[in-house]
Each structure stands twice: as structure tokens, then as C-alpha cells.
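S.K.: Residue-level listing of the chains:
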Amino acid sequence: MEHILSNELGRLIVGLIVVLIFSQLNALFLVWLERKVAGHIQLRIGPKEVGPYGLLQTIVDGLKLVGKELITPKRADRILFIIAPVLVFVPVLVPFIVLPFSKSLPLNDMNVGLLVIFSFSTINVLAILIGGWGSNNKYALLGAIRSVAQNIAYEIPLLLSVLSVVLMTKTLQMSKIVQAQGSYWFFLIQPIAALTYFICATAETNRAPFDIPEAESELVAGFHTEFSGMRFGLFFLAEYTNVFVVCAVATTLFLGGWQGPFGFSLGIPGIIWFLAKTYLLVFVIMWFRWTFPRLRFDQLISFSWKVLIPLALANLIITAGVIKLI
Amino acid sequence: MAKKVLDPPVVQFALLEDVLNLARANSLWPMTFGLACCAIEMMAAGASRFDLDRFGFGVFRPSPRQSDLMIVAGTISKKMAPTIQTLWDQMPNPKWCIAMGNCAISGGPFEYDGQYAIVPGADLIVPVDVYVPGCPPRPEGLIQGILALEDKITKGEKRNILRRFSRFGSGKKHAFRLVK
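Residue numbers (our numbering), protein chains in the order written: chain D, 16 to 341; chain R, 23 to 202.
No lab work stands behind these hints: they were computed from the structure.
Misleading hints may appear alongside valid ones.
What the hints assert, rightly or not - Restricting the straight-line Cα-Cα distance to at most 35 Å, the calculated cross-link-like pairs of lysine-lysine (DSBU-like) are:
(1) 191/D with 339/D
(2) 321/D with 339/D
(3) 101/R with 89/D
(4) 153/D with 100/R
(5) 174/R with 101/R
(6) 174/R with 89/D
(7) 153/D with 101/R
(8) 153/D with 89/D
(9) 191/D with 118/D
(10) 185/D with 339/D
(11) 100/R with 174/R
(12) 118/D with 185/D
(13) 118/D with 339/D
(14) 100/R with 89/D
(15) 153/D with 321/D
Build the full structure now, drawing on both the sequences and the hints.
M.R.: Okay, here's the thing in C-alpha cells:
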């Protein structure tokens, strides 16, 4: 076991298996948590009869989705329709390779970690467009187009807010960004960047109040209207894995990653700190979803272009100026 | 009467079928669609007092491609009938249907000699598994209907080993109570 882990290739293979298992379990847990959170916010209980506290509910849902018929509409583009769910699900697994769960746990601590995460999360948009176009359904196409417009609009302030952190640490390596936050977390000195990042991350993952691409009252189910069975399941899993990834990146960039507050780890292992902070942020995103009503499309786009981008840009320029002076 | 069209699997595995049926019974996702006043009771069944989500039925899917259960809740006018048939055809197998309320069962108060506007009974256009009578039935009635459908899928309540209560008190932990 020792020499397998020390070998680079062995480490990667073991890591990939762990990542696959972890991402599935994580998505199942998050779906259950979402239903519980929704229940309690709406004065309900949520799943409770299938397994203790309803814990078996999402497993049962997954089994059922595997057993459902897979429908390919007659007029759909067969190749695009089949590859879209796969293309949506695979890129969200890649960021797990560079996420710094603890000091020794990033699978491959490459010096362009942040770049890898954001370049792969952009493929998601392409996959959604392919799915919407390939279904040959007007609602799916409209949802996909909305999703592309929204993701492009929110990608810019997202990257700008990340850049201001990168300017401060002068590195794209995830572990070095965490180590730079030894004494204080970055959301204390970059509150605007942290806020912008979190808002944009919510929009990037198509979650309410930015869930316009799948607005049920207008677009049936948006880009995944025509997908049935496990193809829809992959879209579902990808969404929740994506939520976890953006929250993990927020933890790394602004909440000190595996470190405790102000450098005190309080004897708790780094991975616990990291997962606790990430799941706290995931809970906040779920809280958003069941609290805020959906935005109108023009409000959504103008909020990005008129508020978030100037704010992030000003923040970036001020950060650059301050760093130059110091 | 409409018949259910379902190709039997090429190779039959009894245990696998049982496990899948157990999963299907405990995660029936209804389609978001209502026809008349029964739909209001259906919404009430999903809301906080009755909470369908406790049993795993709370995921109302907007798209027929992702739903397992069609609840025909209300009067079916002749104009609406083809749409309901289309929606039923768009749902992937295996799928089930509940006729909720007297109108969906037999036309209800609108069925009389010489009426020209109403389809008297959902079973004339889609195959119905469970009938829930009432005008409209209370949310408890709908929940009982869905539980009966569960028993139909797992072939008997005792075979539904995942669910933590029993409606008929067969020695499980807590008996069926609606409002806690």
C-alpha cells in the first residue's frame, strides 16, 4: 500500500476511484439534505419514512432512475442527445483532483490548480447547450440559450473576483493560496470579492434565485426537459457535485481551506475543517433557494453587467494599486 | 377501456425485479398537472400540513419525461382529453396513473343524459391503477390512494420492507398517523 501511494500513477488511480465514490455519495447526501432543508423551511418534515430520517430516500430514487425507460425523441439529434449528460457530468469530477482537502490530500497539487478548475467548469455550459439543442424541443432550447447567456455574464465577475485573490497570493496553486491565509482568512480583507464570488457561484450552478434556465413556470424543465431516466439523473448529480465544487473553491479562496480561524486548528484535522466550511456554504446556497423568488431575466443580466462587473473590476484595480504601494 | 402497454423484460430476474419494484414504489414522482378543484387538494397534500415528501412522493416533476405517476385530478373536458393522452404517452415506462375525484372516475356531477362536454372517466383514455373517490377527496384520501398504489407495485404491504410504518398494524414500529 505504501509504495502504491508513493508512486505518482498509483496515487492518481487510487485517487480517481476515491473521487468517483465520494462525488456520488456527496451528491446523494446533498439531495437528501436539500429535501430536508426545504421541508423544514416550509414547515414540513421532508423525507422520513424510507429508512431512518429518510436517509435511504435518495438511494431509492437513484435505483428507480436506473430502472426507467430511456426515451430518445424521434426528431432529436441522437449523438448530441446521448453525449450531453456524459459531457455535463465528467468535467465536474476534474476539479476534485486539485481541491486541497487537507495539507497532504490534493491528489495532484499542480501550479495551475485554479486555472484547471475554472477551465473545466466552463465546459458545463457547452454541455448544457448541446443538451438543449440536441433535444429538438423549444423549451429545452430556450432554457439552454438562457443558461449560456447567464453563465457567460456571471463568469466574468467570478473570474475578476478570483483574480484579486490571485494578485494577493501571486500564485494559482491551491495549497499556496491556503497557506497564505495562515493568520487571517481572505474574506476579511477581500469582502467584496468574496461576496461577488459567492453570488456568481450561485448563478454559475443555475441555482435559485438564478435558476432561470429551468424555470418551471415558463420552460417546463428547461434544458433537461426531454431527458428521462438516468440521463436526467446525471444532470441532477452534476448539479449537486457542481454546488459542492464551487463551495469548496470558495472555502479555499476566502475561508482558509483546511486551516482553523486565525491559525488555531483547535486539534481538529484539516479535512474536517475543510468539509465543515464547505457544507456550511452549501447549506447557505440551499437556504437561498428556498428563501428568494426567481429573478426576471433582464434583472438577472443587468445585475451582472451593471453591478457585479463594475464592482469586481473596481475591487481588482484597488487591490492591484494597494499591492503595488506595499 | 385503455390498456397498459408494457414490454416484458427479455431476461427475468425475480430478485432484481423485486428490488427495482421496491425502489419504484418508494419514489413515485408525480407530474405537476391539475385539471380542476381536485388539484387544489393535491397541492394541499404536498404542502406543510400533509407533506407528501415524507413518503418520497414530494418531487413534483414539471416534465412528463421525468415523472412516474400521473394524478388525473379533476374534470376531463373533451378538449383536454387528447392532451392528457399525449402527456401519458410522453411518460417513460414503468408508469402509473391515479384517478382522483368523482369526475376523473366517472364524470361525477357533470355526467347526465345529453351532456356533450365531459369525458366520463379517466379510464376511457389512460389506464388507471387506483381510483380515489370523493368530491373532492381530502388530502388523506389521496395519500391513502398513493399508499395503495405502493402496495400494488410491491405486491402487498408486507413486502415493502423499506417503509417504516404499517397501515394495518402488522407489528411494525409505529402505526399510520397523518398529523403529528
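S.K.: None of the hints should be skipped; say for each whether it holds.
M.R.: Comparing the hints with the structure gives:
| no. | hint | verdict |
| --- | --- | --- |
| 1 | 191/D with 339/D | holds (21 Å) |
| 2 | 321/D with 339/D | holds (28 Å) |
| 3 | 101/R with 89/D | holds (26 Å) |
| 4 | 153/D with 100/R | holds (26 Å) |
| 5 | 174/R with 101/R | holds (31 Å) |
| 6 | 174/R with 89/D | holds (33 Å) |
| 7 | 153/D with 101/R | holds (23 Å) |
| 8 | 153/D with 89/D | holds (15 Å) |
| 9 | 191/D with 118/D | holds (10 Å) |
| 10 | 185/D with 339/D | holds (12 Å) |
| 11 | 100/R with 174/R | holds (30 Å) |
| 12 | 118/D with 185/D | holds (19 Å) |
| 13 | 118/D with 339/D | holds (30 Å) |
| 14 | 100/R with 89/D | holds (28 Å) |
| 15 | 153/D with 321/D | holds (30 Å) |
Going through the hint list in order, the structure satisfies each hint without exception.
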